[in-house]
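There are 2 protein chains.
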Amino acid sequence: MIKANDPVLKSWVEIPKGSDFPIQNLPFGIFKTKYLSAVAGVAIGEYVLDLVYLHEHGYLDGLGLPAGIFNQKYLNDFFALGRMKVREVRERISELLRDDIDDLKIHTADCAIALIPMGEVQMLLPVKIPNYTDFYSSEEHATNVGSMFRDPKNALLPNWKHLPVAYHGRASSIVVSGTDIHRPKGQVKLDDSDQPVYCPSRKLDFELELAFISCGETKLGQSVHTHQAENYIVGFVLFNDWSARDIQQWEYAPLGPFLGKNFGSTISPWVVTLDALEPFRTQGPEQHPHVLPYLSFEGEKNFDIVLEVLMKSEHADETTLCRSNFKYMYWNVNQQLAHHTVNGCNIQVGDLYASGTISGPSPGSYGSLLELTWNGQKTLHLPDGSERIFIQDGDTVILRGYAEKSGVRIGFGDCSGKIIAAL
Amino acid sequence: MIKANDPVLKSWVEIPKGSDFPIQNLPFGIFKTKYLSAVAGVAIGEYVLDLVYLHEHGYLDGLGLPAGIFNQKYLNDFFALGRMKVREVRERISELLRDDIDDLKIHTADCAIALIPMGEVQMLLPVKIPNYTDFYSSEEHATNVGSMFRDPKNALLPNWKHLPVAYHGRASSIVVSGTDIHRPKGQVKLDDSDQPVYCPSRKLDFELELAFISCGETKLGQSVHTHQAENYIVGFVLFNDWSARDIQQWEYAPLGPFLGKNFGSTISPWVVTLDALEPFRTQGPEQHPHVLPYLSFEGEKNFDIVLEVLMKSEHADETTLCRSNFKYMYWNVNQQLAHHTVNGCNIQVGDLYASGTISGPSPGSYGSLLELTWNGQKTLHLPDGSERIFIQDGDTVILRGYAEKSGVRIGFGDCSGKIIAAL
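Chains A and B, in that order, are what the protein sequence lines are.
Just so we're aligned, residue 1 is where the first sequence starts under my numbering, counting upward by one.
Just so we're aligned, residue 1 is where the second sequence starts under my numbering, counting upward by one.
I should point out that these hints are in silico values taken from the structure, not numbers from a laboratory.
Possibly wrong hints are sitting among the right ones.
Identical chains blur together in the list; that is why a pair holds if it fits in one copy or across any two.
[Unchecked claim] Pairs of lysine to aspartate or glutamate residues, derived as DMTMM-like cross-links and limited to a Cα-Cα distance of at most 20 Å, are as follows:
1) 219 - 180
2) 128 - 217
3) 161 - 191
4) 128 - 77
5) 32 - 387
6) 153 - 194
7) 3 - 91
8) 378 - 278
9) 161 - 194
10) 17 - 102
11) 10 - 95
12) 189 - 314
Put together the whole structure using the sequences plus the hints.
What follows is the structure in structure tokens.
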């Protein structure tokens with residue numbers, strides 16, 4: 001049997017060169033149109049495949065799917081069927097879209113209804129997110145931040161190489177790509193005063209992250225071992241962890257980031273499955289000192305995924321601000337999930353676990369303006385001649401990501417958000 | 001019209017002396033019995049009043065309640081009707097239970113079915129909690145912790161008196177009173193080593209807190225002013241923020257508490273309404289320096305609620321460990337909600353906002369073992385002759401709270417949890 005991510009596969013749907021969504025990808029999302037309320041779909045080329053239509057017309061028969069499983073506002077119930085069931089569905093969809101299989105393609109009337117041009121759909125949040133955790137797993141990012149605000153010679157705190165540091169974030173304010181974000185207001189302490197002032201943030205930043213979404217749940221008290229962790233991970237989305245550096249700096253001691261983060265986070269709408277990313281596994285950085293046994297793992301647990309941040313201002317076209325890679329992550333997702341549950345913390349379906357800012361070794365690969373401008377010491381130049389240290393009102397920040405090999409590109413689509421004036 | 005919390009009211013249901021649940025209280029909760037799946041109820045004396053039965057039999061007619069609003073696993077949809085609607089329902093229930101009103105009491109067959117002895121019900125989580133935030137709003141607690149771990153002369157960090165410090169917690173692991181909690185395992189760094197070890201926590205603690213539950217939602221970008229905040233607050237529950245001090249100490253820099261907290265938090269099952277607590281308003285501590293305008297408020301925004309922690313070991317009866325009061329809070333709930341939303345962070349119905357450990361000025365009022373034993377420097381003695389510095393397996397910790405005036409006691413019921421061995 002040919003696997004759904006085999007480079008040899010061709011679809012009868014036309015896939016433009018450079019598309020994020022060839023037949024080898026088949027990510028899941030939730031969309032609506034002028035005529036359809038929120039339902040589940042799969043991206044293929046420049047179309048969205050309507051899973052409700054396929055299911056109701058018998059194309060997914062034999063998979064044991066509950067009635068109405070795709071006719072929902074969120075993918076949670078579908079993902080709760082487990083990673084193996086999601087895989088079966090994706091493999092069946094792959095068959096339906098294959099050029100050498102007639103099951104769907106000869107039914108041209110069905111094809112015309114089930115395939116909706118992307119220009120006609122609005123993408124929505126793919127999952128209802130019960131819990132959101134943000135890790136801090138890029139050594140380069142943690143080192144940069146530690147160098148800037150603490151001590152370049154001891155940039156990493158003593159715990160950093162022993163455990164994947166993380167904190168809980170706010171689930172309510174996670175929005176889908178395309179949602180405008182108001183510049184947050186809040187308390188800021190300026191250098192020339194002892195007293196804080198109340199004002200719109202002056203140091204608004206993005207953070208380039210990838211996040212995984214869980215498809216399983218555990219009971220309180222239970223732990224997930226590193227070798228089981230991938231059973232609980234259905235796939236990934238891009239994640240922009242917008243950050244108000246000035247608000248964060250004043251508030252964060254001793255309990256961590258709060259209002260500097262929870263005014264909004266943006267995710268890309270398509271859940272790219274772990275299965276689609278299988279060919280892009282790679283070794284992560286060597287870990288010294290050795291980790292405790294509960295964090296040890298075998299095999300290739302990092303993924304070679306190119307990640308980019310672009311900015312589009314009101315007067316300038318898109319320009320690339322940085323280019324990083326998910327393979328730089330010091331702590332991998334298996335270790336993250338094992339650590340998160342080692343104390344018995346329970347996970348739920350649809351939970352979002354973000355990587356933390358992913359920076360690479362070179363300055364061009366830093367995943368935030370804080371690092372790219374070294375907290376304002378350098379200036380970035382946009383194509384319209386304007387300069388940026390932090391984000392201005394009217395700026396749109398776009399995250400993109402893709403893995404590419406053997407002529408196959410597994411992409412995420414845009415994770416885009418525009419900053420608008422404070423309310 | 002007599003208000004539902006008037007001390008003059010008497011119920012035809014017998015209320016034992018010292019009961020937490022006189023007719024002036026009428027808190028809402030979710031319960032099940034051998035015969036009923038999860039439904040909404042109200043506590044009265046030693047009974048639970050079945051709201052589904054009342055609603056279906058016309059006793060709540062005229063209130064415009066949606067069908068099935070109480071026949072649900074959680075109170076979220078009911079609370080989403082808003083604080084005024086919850087008040088109307090509570091006032092109607094007050095009438096139905098009043099000795100001088102015949103509407104329900106003369107229908108003895110209905111009474112016999114709708115009133116279920118507390119011994120026959122199991123209380124469940126009252127709300128599905130979309131987001132959980134923990135504040136750090138007791139000056140005495142923050143001062144104690146700062147004195148122990150930093151500097152007694154500068155115990156409070158510079159931001160503490162300018163803003164209500166808070167962090168996001170884990171919603172998934174919040175459980176209802178009566179749920180056993182496994183001792184968490186995790187990384188701990190002992191004083192005599194540079195390397196962490198993996199072991200069950202040796203410094204397991206409780207934290208005495210009160211939490212409010214929201215009954216409104218805001219849009220991203222919107223802020224709630226202090227004078228509007230109470231429209232979003234339906235009521236309170238007791239909250240035990242179990243804490244593994246040793247895990248927390250090693251992990252918490254720089255992003256705050258994580259695995260030291262998220263293995264479990266316990267809430268009491270009855271949501272005691274803000275309306276029932278109205279007679280117990282009091283002034284909070286004076287705030288110096290003056291707060292920024294968005295945190296200013298008028299009127300009495302603290303509440304005089306006695307709070308206690310008791311311990312019951314496997315061989316000893318309950319013994320009181322401390323007695324504090326909610327009135328000690330430096331930052332009140334109006335300020336907390338105004339601060340939380342000042343940056344545009346959106347709130348959702350059922351959100352839980354906890355106070356942080358509530359300690360008073362005297363050592364007997366400290367709300368955690370960390371403070372009561374001053375991080376192990378003192379020892380507590382239980383009635384069976386055993387000693388405690390932190391919690392042992394088999395220990396049950398019980399939080400209780402009540403406001404009392406004019407012969408009326410508005411109580412919360414128990415918030416109880418037993419620590420059992422690590423899995």
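The hints, checked one at a time:
Taking CA atoms no more than 20 Å apart as the test, residue 219 paired with residue 180 passes between copies only; the shortest distance there is 12 Å, against 37 Å inside one copy. Both within a single protomer and between protomers do residue 128 and residue 217 lie at most 20 Å apart by alpha-carbon distance, with minima of 14 Å and 16 Å respectively. In this assembly of identical chains, the alpha carbons of residue 161 and residue 191 lie at most 20 Å apart only when taken from different copies (18 Å versus 32 Å within one copy). In this homomeric assembly, residue 128 and residue 77 come within 20 Å of each other (Cα to Cα) both inside a single copy, at 10 Å, and across copies, at 17 Å.
Proximity of residue 32 to residue 387 under the C-alpha cut-off of 20 Å is found in neither arrangement, the shortest distances being 38 Å within a copy and 62 Å between copies. Only between protomers do residue 153 and residue 194 lie at most 20 Å apart by alpha-carbon distance; the minimum there is 18 Å, versus 29 Å within a single protomer. In this assembly of identical chains, the alpha carbons of residue 3 and residue 91 lie at most 20 Å apart only when taken from the same copy (7 Å versus 63 Å across copies). Taking the shortest Cα distances, residue 378 and residue 278 never come within 20 Å of each other, neither inside one copy (39 Å) nor across copies (55 Å).
In this homomeric assembly, residue 161 and residue 194 come within 20 Å of each other (Cα to Cα) only across copies, at 12 Å, whereas the closest approach inside a single copy is 35 Å. With identical chains, the CA atoms of residue 17 and residue 102 are never at most 20 Å apart, being 24 Å at best within one copy and 78 Å at best between copies. Proximity of residue 10 and residue 95 under a CA criterion of 20 Å is satisfied intra-copy only: 10 Å inside one chain copy versus 71 Å between copies. For a Cα distance limit of 20 Å, the shortest separation of residue 189 from residue 314 qualifies neither inside one copy, at 30 Å, nor across copies, at 51 Å.
Checked against the numbered hints above, the structure breaks hints 5, 8, 10, 12 and satisfies the rest.
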